[in-house]
Amino acid sequence: MVSGSSHLSVKIAGVEFSNPVLVASGTFGYGEEYESLFDLSKLGGIVTKSITLEPREGHPPPRTFETSCGMLNAIGLANVGVERFIKEKLPFLKSLKTRIIVNVAGSTVSEYEEVVKRLNRSKGIDMLEINISCPNVKEGGIAFGSKVKSAYECIKAVRKNSSYPIIAKLSPNVTDIVEVAHAVKKAGADAISLINTLVGMAVDVERRRPLLANITGGLSGPAIKPVALAMVWKVAKAVKVPVIGLGGIMNTEDALEFILAGASMIQVGTANFVDPQTSIKIVDGLSEYCKKKGIRKITDLVGKLKAD
Amino acid sequence: MVSGSSHLSVKIAGVEFSNPVLVASGTFGYGEEYESLFDLSKLGGIVTKSITLEPREGHPPPRTFETSCGMLNAIGLANVGVERFIKEKLPFLKSLKTRIIVNVAGSTVSEYEEVVKRLNRSKGIDMLEINISCPNVKEGGIAFGSKVKSAYECIKAVRKNSSYPIIAKLSPNVTDIVEVAHAVKKAGADAISLINTLVGMAVDVERRRPLLANITGGLSGPAIKPVALAMVWKVAKAVKVPVIGLGGIMNTEDALEFILAGASMIQVGTANFVDPQTSIKIVDGLSEYCKKKGIRKITDLVGKLKAD
Amino acid sequence: MISQFTSSVVSNQKLGEKIFKLTLSSPYISKRAKPGNFVHIKVGSTYSPLLRRAFSVHNVDKQKGSFEVLLKVVGRGTGILSEKSPGDILDLLGPIGKGFSLPQEGKTVMLVAGGMGIAPLWFLLNNLIGKTDKEKLLFFSGAKTEKELLYCENLKDLGANLMVTTDDGSFGTKGLITDLFLKEIKGRKNDSSKLMVYSCGPPEMLKRMSEISKGYDLSCQISLEGNMACGVGACWGCPVKLENGWYKRVCVDGPVFDAREVVLE
Amino acid sequence: MISQFTSSVVSNQKLGEKIFKLTLSSPYISKRAKPGNFVHIKVGSTYSPLLRRAFSVHNVDKQKGSFEVLLKVVGRGTGILSEKSPGDILDLLGPIGKGFSLPQEGKTVMLVAGGMGIAPLWFLLNNLIGKTDKEKLLFFSGAKTEKELLYCENLKDLGANLMVTTDDGSFGTKGLITDLFLKEIKGRKNDSSKLMVYSCGPPEMLKRMSEISKGYDLSCQISLEGNMACGVGACWGCPVKLENGWYKRVCVDGPVFDAREVVLE
Ligand SMILES: Cc1cc2nc3c(=O)[nH]c(=O)nc-3n(C[C@H](O)[C@H](O)[C@H](O)COP(=O)(O)OP(=O)(O)OC[C@H]3O[C@@H](n4cnc5c(N)ncnc54)[C@H](O)[C@@H]3O)c2cc1C
Ligand SMILES: Cc1cc2nc3c(=O)[nH]c(=O)nc-3n(C[C@H](O)[C@H](O)[C@H](O)COP(=O)(O)OP(=O)(O)OC[C@H]3O[C@@H](n4cnc5c(N)ncnc54)[C@H](O)[C@@H]3O)c2cc1C
Ligand SMILES: Cc1cc2nc3c(=O)[nH]c(=O)nc-3n(C[C@H](O)[C@H](O)[C@H](O)COP(=O)(O)O)c2cc1C
Ligand SMILES: Cc1cc2nc3c(=O)[nH]c(=O)nc-3n(C[C@H](O)[C@H](O)[C@H](O)COP(=O)(O)O)c2cc1C
Ligand code: FES
Ligand code: FES
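Protein chains in written order, with our numbering: chain A, 1 to 308; chain G, 1001 to 1308; chain R, 2001 to 2265; chain H, 3001 to 3265.
Calculated from the structure, these hints are not laboratory results.
Owing to the predicted nature of the structure, the values given are computational and were not obtained by experimental measurement.
Heads up, a few of these hints could be off.
[Said to hold, decoys possible] Derived lysine-lysine pairs resembling DSSO-like cross-links, with alpha carbons at most 27 Å apart: (1) H:K3144 with A:K291; (2) H:K3241 with A:K306; (3) G:K1123 with G:K1087.
[Stated by the list, open to error] Computed Cβ-Cβ distance ranges for the label pairs, DEER-style: (4) A:F38 with H:S3082: 30 to 36 Å; (5) R:K2018 with G:F1038: 30 to 36 Å; (6) A:F38 with R:K2189: 18 to 24 Å; (7) H:F3005 with R:K2156: 49 to 55 Å; (8) H:W3246 with A:K149: 56 to 62 Å.
[As the list claims (entries may be wrong)] Here are some of the chain R residues that sit facing chain H, going by a computed Cβ distance under 8 Å: (9) T2046; (10) Y2047; (11) S2048.
From the three backbone atoms N, C-alpha and C, an ideal C-beta is built for every residue, glycine too.
Using the sequences and the accompanying hints, generate a full structural model.
Below is the structure:
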């Protein structure tokens, strides 16, 4: 399906991708929404919106708000649920000549386990990405994956149940990202993706109300790129695990920054909204860059930052 | 010195300010650098660059880099040291009709204690702001104030030694800002200011090197405003202590967002570089806003966000 | 089918205070767009503003291969767009959304516009003229003041039965357009099933239209707005609540909805 | 004294590929600025780009109350400035920094410019003309190619002894301007104390100038650049390392430094 000959191809956790460019969970729906806009098979892979056990209607509006060089969102994991996902959304994704990564979320460890078990029975999935950044009521609103212990337990349970390689997607809202990365690696994560959104907020001064109905939301876009880069660099340096970098990637140069900092692959999120073609422009841009600079394989660039 | 009659006046920890607008540490030098640009007495107060026990030369260049709607800095606490500060810089500050808050930093708790002891002997200081966000070697590069225990211990020690009211300035690079806020309150902080900068990084793709000599730096400016607002809101809601809000405040509306979210006062940082008059424009803007809206005292707005 | 393309500014006409009409060249949109569709415009090349801005298709000119957008300056994005000059190039997504369903024959058609709500209704009206009996075509147009009223002359020229309100009474009846509309509906209580209503305007107005439609069980199609990130149905950032408790996406499931189906706040 | 003020664009002249000369009205700067001073310009009103951009004062016209800035488009900020039109308003801080110390009488003066380094040296040269003997005034001008060489004709008209290099040999001597300068210095080894050198150019060039100055103990004033946040000495974000291990601020302690005093990398 995916040819391994190209200078852009990359293999992580035994899965080969035609190029290192993925589209990020929650910003690309179930793929079909972007079908009319470009040839999706050009992507390294598609990460689906987070899938939960039951369908979720999500938070009340407003759910998004634009901030300086970024945006806040509090979608609330609105999704069709795992059963309808498998029946209604997966067939289209399978039909594409690209890798499919299903992003899984839940409110309890057993919900994650159950979703993963149901996905095990489906063909056409290449990997799972486990979103452990959902705020959890038990932990006082602090995200599930922000505490080392619960992150470990969640990934451990998923690992035990998954027939697919798993990517642990980490929250940046932590004191020590390296500590969390170590924990999920130990729990069996085959790769780590970071970062999810930063917790943020905006206020409507006129109405004296939060601009999101959920009060706080997740900050994404170019505003957070420096934070994402620092975390990718720290984790890639400290933990022996493939890192997938994301957060504010808008163009080829941004992608190269993450690759040099240690990311084996990258994801394009908010940029899909700004320009739906961002991801394939980056695929082309990386290819051109390699040719221009005489780089044989993009993987030769991973972590090649001279930082001493 | 400061008249208490104005609708903008505010009192925290027994100190009365003519208005709630301060300029943030590290962005306003020792005050004198901005003397030619406007009447500094119009400010609610000036927070000095962090002062350490010995003079520090700071990090090698490059020390700053502009990012999307923000900037990274790794100045490395370059400052004249407490003795020269008292001799050479404080006299000018004292001569101004505004409140003087001296920001204190150190690498060990005893360094903080020593700086505070020396400042105790000086007149003309109104408050101290304790910067507990300096990366600490012992904690593996994680900032001093990012761990609840070390934050508590540092503030406790300072509190014991300080003859001035103290503000604990918190780092946003933590899993649970409320937990840290509770700890420093318990340790005796009279107020809390947040946020300091987010850890970030930028890469020079051409040269394959970090764009800061220190590799990582602190992200500030409008890019981080949503993060700052969320933290101010959470802390103001959970901890009974005056909160001073900062992070990306560029204009009056931004200031009002922080005040509504629970900040009793605000600080202007990076915006001083963009437009040195930002702070006094905000003072005027708040005054106008109060008049227009028939608000008798700005303090009536603090925490008046309708978030239910 | 939503497509992404560049389009050049043909003209930019100032129609009133902070109100501009941009004519953009696009054979694709001029051919494909239906009343109620919108386009999602990239405002500039910097990251501030970051996201695209949504604008209803205001009219099309199939001959010239161009279309119009009516815009009101409310912030940075609309401010930048209002300064565009002929020849400037814009990146667009469109046409987006489910448009208005055209009225069945014989029905009496009422268009109810509040302020900038006239933008998509003007396109609809232009499609109806000639197909609907003039006496069965009523156009309600409301605005804050006379200055914000658009197209009154043109509407009369087109022969639509025009009813106008302004909040301050500076033109037409003083009051809200929804009040005038309600009065009309009350008068036609018995043949409400013969009416097809179309409406667009500010949130409070559409909320009122939704209440009235539910009260009189009117067939009323309203065009909604909402904060839009992707504009293509992918992000679920633009929901509108339905009577059944679930949400639909304003961008691709709308922006036109049956006023009886949605719950507005 | 640094002041903040608005200034309107008088003219914007394209001098070469990506090189523009902006003339800005400012009686304040035209009166106060000394060669080597710079202004810190707010590029626009959005937050991207966020910080001001620094530009040397390129010349002043006291009569007209205006001054010039020579700019090369290297990124977003300079790109936006290059598109300014007469009448546009800019927010400025200036004049900033310690300028060049003018030469003592009787000294032989050498100005060594690399690429855009000509910007502040042109202002200096204009101040020297008439005060310094022409035969004691040497101007070294280097650029990558002929296309990037500025003012050759004007320099000749002014009567400066002009020496030119281009990296590719498309004009003047092929090679680096610092090599030509070094050759000249070697020939004057014995009266190096009678020389006063002024230089500005890209980092590698100034590094070489610093080495040469240290080697021959030349009085050489170089104008440095660096990432500037505040531009007024407050942030300590623009340091240059000194031979004694400490730092000075490029913005207010410089941008002109004795080439023997600094450690460049
Ligand atoms: C389907 C659709 C069709 C639209 N058609 C038109 C049209 O034909 N003509 C027209 O002038 N406008 C139309 N709008 C509204 C237009 O998209 C907004 O006015 C625009 O996005 C504001 O951008 P800004 O950068 O100028 O304002 P911002 O700086 O983003 O915001 C300024 C103010 O406008 C409010 N605002 C922001 N976005 C929206 C929004 N989407 N809707 C309403 N208020 C908003 C903000 O809360 C703020 O108070 C439409 C919106 C949608 C969703
Ligand atoms: C004291 C001083 C005087 C100056 N005088 C002039 C002048 O007379 N004419 C002129 O054209 N330029 C001058 N510069 C350089 C000018 O300030 C930069 O070219 C400008 O800031 C770049 O902004 P940008 O947004 O276009 O580029 P950015 O998008 O910020 O960056 C584009 C490229 O330029 C590099 N760059 C960014 N900032 C600087 C900087 N300060 N110095 C060097 N490279 C930089 C970046 O690394 C990047 O490669 C001066 C700088 C200083 C500090
Ligand atoms: C509207 C929106 C919805 C998102 N939904 C999800 C989600 O369901 N699951 C998830 O793991 N991440 C989700 N994210 C986070 C992104 O996948 C990504 O981690 C984050 O936005 C940072 O990348 P960016 O700056 O490129 O957008 C969402 C982001 C946005 C903007
Ligand atoms: C160049 C620079 C230097 C700073 N130095 C200090 C410092 O010495 N001590 C400190 O507590 N905070 C320091 N800060 C952090 C600011 O005081 C402020 O907390 C942060 O920049 C967020 O606010 P802003 O976005 O308004 O700049 C510095 C910030 C900048 C940009
Ligand atoms: S704007 Fe993204 S789903 Fe409607
Ligand atoms: S730029 Fe701030 S001290 Fe020089």
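Now the hints, each set against the structure:
1. H:K3144 with A:K291: OK: H:K3144 and A:K291 at ~26 Å, within 27 Å.
2. H:K3241 with A:K306: 22 Å, holds
3. G:K1123 with G:K1087: Cα-Cα ~12 Å, so holds.
4. A:F38 with H:S3082: 30 to 36 Å: 33 Å, holds
5. R:K2018 with G:F1038: 30 to 36 Å: Between R:K2018 and G:F1038, where Cβ atoms are some 33 Å apart, the hint holds.
6. A:F38 with R:K2189: 18 to 24 Å: 52 Å, violated
7. H:F3005 with R:K2156: 49 to 55 Å: With a Cβ separation near 53 Å, H:F3005 and R:K2156 satisfy 49 to 55 Å, so the hint holds.
8. H:W3246 with A:K149: 56 to 62 Å: 47 Å, violated
9. T2046: 5 Å, holds
10. Y2047: Interface hint status for R:Y2047: holds (5 Å vs cutoff 8 Å).
11. S2048: 4 Å, holds
When held up to the earlier numbered hints, the structure conflicts with 6, 8 and fits the remainder.
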